[in-house]
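The residues making up each chain are set out below.
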Amino acid sequence: MPPPPPITNTIRRLRFDHGEMTQQQLADAIGMTRQTVAAIEQNKYSPSLEAAFRIAEVFGVEIGEVFQWKAGAKKGP
Amino acid sequence: MTMREKVAWISVLTALVIFGWYFWSVWTDFAVRNLDGDVLFWRFLWCFGIAVVIMLPASLLAAWLGRQDFDPPADELETQIEAVSNRFGLALLEVALVAIVLLSKAVTDIARADFAADPAGATAIMLVNLVLFATAVAALVRDIIVIVQYRRYA
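Protein chains in written order, with our numbering: chain C, 1 to 77; chain W, 78 to 231.
None of these hints come from the bench; they were simulated from the model. Computed from a prediction, not measured in an experiment: that's the story for all the values here. Take these hints with a grain of salt, some might be off.
Not close to chain W: a few residues of chain C, all C-beta gaps over 12 Å, as computed [to be verified]: (1) Ile7; (2) Gly19; (3) Ala56.
With the C-beta cut set under 7 Å, the calculated list includes, among others, these residues of chain C facing chain W [unchecked claim]: (4) Met32; (5) Ala39; (6) Lys44; (7) Tyr45; (8) Ser46; (9) Ser48.
Just so it is clear, CB atoms sit at the ideal spot from N, CA and C, and this is done for glycine as well.
Between the sequences and the hints, there should be enough to build the whole structure, so can you do that?
Here it is in structure tokens:
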């Protein structure tokens with residue numbers, strides 16, 4: 001299994017801040033399955049840039065507030 | 078569980094039971110050197126029909142029980158999962174087809190030695206069933222890889 005992407009996210013907290021929005025509600029809002037949202041939230045899958053912007057748009061925040069590059073993460077080849 | 082994973086499970090289980098039985102029956106016919114093309118043709122058609130009759134209602138039932146769309150559009154993760162599994166399945170099919178071509182000499186020799194009444198017919202039946210077997214295995218592996226990937230991301 002490949003290592004998790006060096007990206008963290010605050011989707012769980014943002015969902016909490018938006019009235020305990022469910023993963024299904026977020027998935028419906030961005031046109032994905034609940035399972036894909038769960039995989040993104042658990043940092044098992046890195047979404048496309050478009051999907052990342054859509055998630056940020058749903059929460060009304062900048063993309064940087066949703067996804068953060070892990071400082072000091074191992075660089076690729 | 079997404080609808081696509083449910084369909085993959087249904088497809089794997091149906092293929093294992095129905096086509097597992099079909100290819101086992103072909104093997105037993107071959108073992109006693111009694112290959113009848115007409116019988117095998119209709120047996121395969123029956124198996125194919127039964128598989129469709131099982132898979133379609135089972136998928137509809139799974140969608141209804143899970144209150145899901147029967148054939149929802151794939152999102153980006155699902156598209157990626159399908160691409161990876163299709164790539165593996167296609168690669169396996171390519172290798173298997175080349176292997177069958179390389180085996181054709183041995184198949185012809187077996188047909189000439191053990192099916193003297195109609196070696197050409199026996200060769201055709203064996204090659205067709207080898208191609209069917211390769212196709213079924215490739216499809217099965219493809220669906221298993223779909224399930225494995227969904228479980229990895231779950």
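Task: Status of the stated non-contact between C:Ile7 and chain W (beta carbon gap over 12 Å) - done: The claim holds: C:Ile7 sits with its nearest Cβ about 15 Å from chain W, beyond 12 Å.
- [ ] Using 7 Å as the Cβ threshold, decide whether C:Tyr45 counts as touching chain W.
- [x] Holds - the Cβ of C:Tyr45 comes within 7 Å of chain W, reaching about 6 Å at its closest.
- [ ] Could you check if C:Met32 really has its C-beta closer than 7 Å to a C-beta on chain W?
- [x] holds, 4 Å
Open item on the list: Would the hint on C:Ala39 be counted as holding, given a Cβ-Cβ threshold of 7 Å to chain W?
Closed with: holds, 4 Å
TODO: With 12 Å as the threshold, tell me whether C:Gly19 passes as away from chain W on beta-carbon distances.
DONE: Fine: 23 Å to the nearest Cβ keeps C:Gly19 off the interface.
Open item on the list: Is the interface hint satisfied for C:Lys44? The criterion is a beta-carbon contact with chain W at less than 7 Å.
Closed with: holds, 5 Å
TODO: Have a go at the C:Ser48 hint: is there a Cβ in chain W nearer than 7 Å to its own Cβ?
DONE: At 5 Å from the nearest chain W Cβ, C:Ser48 passes the 7 Å test, so the hint holds.
Task: Assertion that C:Ala56 lies outside the chain W interface [Cβ separation over 12 Å] - done: Nearest chain W Cβ is 16 Å from C:Ala56, so the label holds.
Task: Residue hint C:Ser46, partner chain W, criterion CB-CB below 7 Å - done: Violated, about 10 Å.
Hint 8 alone, counting from the list given before, is not met by this structure.
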